[in-house]
Amino acid sequence: MVNELQEAAQNTITQWAWLIPLFPLAGVLINGFFGKKLSKTTVGLLACFTVLCSFLLSIACVAQLAGMPVDARRVIVDVFPWIAAGTTKIMFGIMLDPLSSVMILVVSGVGFIIHVYSLGYIENDPGYKRFFTYLNLFTFSMLVLVLANSLALLFVGWELVGLCSYLLIGFWYHKDSAADAGKKAFIVNRVGDFGFLLGMLAIFWIFGSLNFKDIFHTLEINAAVTPWFMGAGTMPVKTALSAATPILGLPLVTIITLALFLGATGKSAQIPLYVWLPDAMEGPTPVSALIHAATMVTAGVYMVARLSMLFALSSTTMMVVAIVGAATAIFAATIGLVQNDIKRVLAYSTVSQLGYMFLACGVGAFSVGVFHLMTHAFFKALLFLCYGAVIHSCEHAFHDAGSHADPQDMRNMGGLWKYMKITWFTFLIGSMAIAGVPGLSGFFSKDEILWKAFNAPFSLTIGGFPLGSILWAVGALAAVMTAFYMFRLIFMTFHGKERLPQNAHPHESPPAMTIALIVLAFAATVGGYVGVPHVIKDMGINVGNESFYKWLEPVFEPAQTIIAEGGALEAIDFSNGGEEVGVQNTLAAGITGLNFAKHGQEGIITPEAGNVAVAHRESENEAAATHSEKQSAHENVALEKKLMNISIVLALLGIFVAFIMYNRNPQIHHDIREGLGVIHTVLLNKYYVDEIYYYTIVLPGRVFSEFFLWKFFDVCIIDGIVNGVALLVRGVSAVVRRIQTGVVMNYALVIVIGILAILAYYIF
Amino acid sequence: MIGLNDYLILAAILFAIGVTGVLTRRNAIVIFMSIELMLNSVNLTFVAFAHFMNSLDGQIFVFFIMTVAAAEVAVGLAIIISIFRNKKTVNVDDMNIMKW
Amino acid sequence: MVMPTLTQILFYSTAGFAVLCALLVILHPNAIRSALFLVLTLFAVAVLYILLNAQFIAAVQVIVYAGAIMVLFLFVIMLLNAGETLEGLKHPMRKIFGFLFGIAVLGQLLAIAHVATIAGARQGGVTQEMVAKAGNTELLGMLLFSKYIYPFEAVSILLLMAIIGSVILAKRKL
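Protein chains in written order, with this note's numbering: chain A, 1 to 764; chain B, 1 to 100; chain C, 1 to 174.
Excised from the complex, chain A in its bound form (with noise of 0.2 angstroms):
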């Protein structure tokens, strides 16, 4: 009977899921080993076809797991051990849930066509077989991440795609800028590894196991555990992690979740590491669509919403990452509307939209995060590819009019959509898209995450104002100035004089390009529908439905639970304004808690009283949760609806004043350009922030490095060590070896004095 029901699992094709990121590897391995020998057609079409079969794969995977009963849905296939020592065993394995079947999805599905758009837009160039190695190389690292069953081999995938990102930014290495701006990510990402492999580290040292389902299920029933740190003695899973950490005082989950964030921020690019993203456009355009826009970047979101357990426990960390997040969605925008390379305008606007995404992970909306990120990833992928159409043909023209004028600095453009229609078309999609014109998917996430943050959970207040309506403020700022910057793009490549040099005459780009951009059009404007807010559908208008959100419900459920009850292993209040019950609870709880640990560290094992004290706690809990419930029900459409309004003018504000100022009247832009005067020369210089980070990081580390890592300590210690054992030896040797004189005789007479001392060992 046992054995039937294996087999029947066996034979199902999600078990075959680790075969989805193997197929790209396949793509890398005959590329890589045997590209040379291939023609590049061939090359080119088994690198689409490998990520192809990924696709489709990931398709016949999710529709299987939708297929099942809502708890049952999560497939783990162990492929084999990989790392075993003692006890603890590492298995080489894949996790397929919702959330990591959203991953899949996104990446095989927009990796695929960005591989075709690139079949078009490297052609000519010399690199092309590389070029679709390292492109299949990344999408198998990328799903290994986005497929891992343990925090180990996520972070395989991890410092994979970080190599991927470094080789493909570097692609054009013979150029200086290339080069620098691939060193610059891969060393920027070493310092946000660093806090990933803390945050890992730690998250071993308590859980005493990396896997993502032993991590779950340990945080999910509070199992006991033996943590590796207050002597010996075993206590709840929780009191170990509430146990305040000698630095900074803080409970211990909440260094362990800053940490991974810190790693968060080094691969998503936000404040402060991310100074790595904008330069990162040196790639070629398809890898800025599909690495720095798409989907590497925001490896950082999936590993907060994967850990979303971990993270919910901490609040003090939780708004951190909303902070952060808010931060970064206002401080990239405002740089990012003056920026005059194309290309880096996007760059700074996908930094923005990672914000934002992290701000709807810092107040608990994983899911809408996770939304955002899958309509980003199609309309950023959408504009990074149009403005690829646009450099591509008007390097050409420029090229073939003996102009050297940069291809890539909108001011040298205009009036272009003459010339490519379709691209001008589709970019405008996109555009409306991001800046959050309604009906497009871009509107529906990022109004989502907008009223998420105004019910952020924190009762923080500043200047009177709650935390949550200040990070909805920021989000609806950096919103219009999204739509601002968006538009001022269209209005001065596709729209107005032409500013092109004489002679050039650019043209759509072909076939494989242009397919690609409808095809991922056609996502940005119909991918919004799985998930229209509920607050939609109370406005009378039937469109869409949620079912992004409860494809994700089972996922989120245990970290919306702990959020709700105020669950949080911290002293700090957690829950809506004004609830003080919840509060006295939290509180009550944090003090239990370190009770706990101080009997834990005492060696006194009570973890009985621990689920007591829990059990007691969750059953108030439920009683403070309903009652918010209800009170909130009411009020809530009214509000959501208000602000949503409020966000649309805003949107249309932002089209509207780029119009004005870019299209109108272009005189306008310049009389304010000069009125700004040193506010727009900061915003041009991105804040000088990459000047600060080289003053107050690099040229010190550089200072100290030459003249005490080289000058002194390599120069004189090091080599002088190394020196002066080779002088040692060299004066040695020149006095011993007048011992041998070459004279056969004083080797003989040597050989019997040591006869005499052997026989004087045997004599005496």
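Calculated directly from the structure, the hints in this document are not laboratory data. Hints are supplied without guarantee of correctness; some may be wrong.
Stated by the list, open to error - What follows is a list of derived Cβ distance ranges for each label pair: (1) B:Asp57 with A:Ile753: 29 to 35 angstroms; (2) A:Tyr762 with C:Gly165: 31 to 37 angstroms; (3) A:Ile751 with C:Gly165: 20 to 26 angstroms; (4) A:Ile739 with C:Leu100: 19 to 25 angstroms; (5) C:Leu20 with A:Leu727: 54 to 60 angstroms; (6) A:Leu727 with C:Gly165: 40 to 46 angstroms; (7) A:Ile753 with C:Asn81: 30 to 36 angstroms; (8) A:Ile739 with C:Val2: 52 to 58 angstroms; (9) C:Gly165 with A:Leu38: 56 to 62 angstroms; (10) B:Asp57 with C:Pro29: 37 to 43 angstroms; (11) A:Leu727 with B:Asp57: 50 to 56 angstroms; (12) B:Asp57 with C:Leu20: 27 to 33 angstroms.
Claimed, not checked - Pairs of lysine-lysine, DSS-like flavour, derived with a Cα cap of 30 angstroms: (13) C:Lys173 with B:Lys99; (14) B:Lys99 with C:Lys171; (15) A:Lys642 with A:Lys537; (16) C:Lys173 with B:Lys88.
All values reported here derive from a predicted model rather than from experimental measurement. Each residue gets a CB set at the ideal place from its N, CA and C atoms; glycine is no exception.
Fit chains B and C to the supplied structure of chain A, relying on the hints for placement.
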């Protein structure tokens, strides 16, 4: 009765004579012969031990030593011939190039 | 006064003869004479082997050593015309040092030889009766082709290499 120690003392004397010969003579061939003398003294101890311990293994060893000695003499004399061919002498005092 | 037995007379006279010849080997200035005295020493040692009931080894000593090897020595001495006395000492102190070291080695060896004993050592299983019955050569042959067959083969390869090596070394041009 002749005991083991008598043979050992004889072997010791022969060995010491061989050592002295190696150290004092300058003719490479005579030095070589002194080495043969030393080998013979060792052979004598082997056979003596074998006799007084009721074993034949010692004689087997002597047999092998003789074989090796034969090989050694063949190669050694060949070396002396080739040295002589180069330096026109067999005086070991003139063989002083074994150094770096 | 105790009369010495025949064995004792034979031993002491042969031993004295061997020592005398050995001394002449190293003291005689002419190399050819030295070689001839060495032959005499080897014969004396062969007599001692017979006293020790090692007839096969004694025969080999006479045939291989005194016969083949010493003929080779004499042949080379004559070939190189090296029988003449080498005049003129480059290092006059060497002779004195050589004798001093020789005496030192002798002293140490005698000290060991005088006190050496096999009392308590494990005795082999070959009694004089067995040797008398089967003969020394047959027993040695049995041992050589059973227990020591691998060293025996190895030694044969060594001889082959010595033949090749000496041919290569001594040949004027290959």
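Structure-based check of each hint:
{"no.": "1", "hint": "B:Asp57 with A:Ile753: 29 to 35 angstroms", "verdict": "holds, 32 angstroms"}
{"no.": "2", "hint": "A:Tyr762 with C:Gly165: 31 to 37 angstroms", "verdict": "holds, 35 angstroms"}
{"no.": "3", "hint": "A:Ile751 with C:Gly165: 20 to 26 angstroms", "verdict": "holds, 23 angstroms"}
{"no.": "4", "hint": "A:Ile739 with C:Leu100: 19 to 25 angstroms", "verdict": "holds, 21 angstroms"}
{"no.": "5", "hint": "C:Leu20 with A:Leu727: 54 to 60 angstroms", "verdict": "holds, 58 angstroms"}
{"no.": "6", "hint": "A:Leu727 with C:Gly165: 40 to 46 angstroms", "verdict": "holds, 42 angstroms"}
{"no.": "7", "hint": "A:Ile753 with C:Asn81: 30 to 36 angstroms", "verdict": "holds, 34 angstroms"}
{"no.": "8", "hint": "A:Ile739 with C:Val2: 52 to 58 angstroms", "verdict": "holds, 55 angstroms"}
{"no.": "9", "hint": "C:Gly165 with A:Leu38: 56 to 62 angstroms", "verdict": "holds, 58 angstroms"}
{"no.": "10", "hint": "B:Asp57 with C:Pro29: 37 to 43 angstroms", "verdict": "holds, 41 angstroms"}
{"no.": "11", "hint": "A:Leu727 with B:Asp57: 50 to 56 angstroms", "verdict": "holds, 54 angstroms"}
{"no.": "12", "hint": "B:Asp57 with C:Leu20: 27 to 33 angstroms", "verdict": "holds, 32 angstroms"}
{"no.": "13", "hint": "C:Lys173 with B:Lys99", "verdict": "holds, 26 angstroms"}
{"no.": "14", "hint": "B:Lys99 with C:Lys171", "verdict": "holds, 25 angstroms"}
{"no.": "15", "hint": "A:Lys642 with A:Lys537", "verdict": "holds, 15 angstroms"}
{"no.": "16", "hint": "C:Lys173 with B:Lys88", "verdict": "holds, 17 angstroms"}
Hint violations for this structure: none, all hints satisfied.
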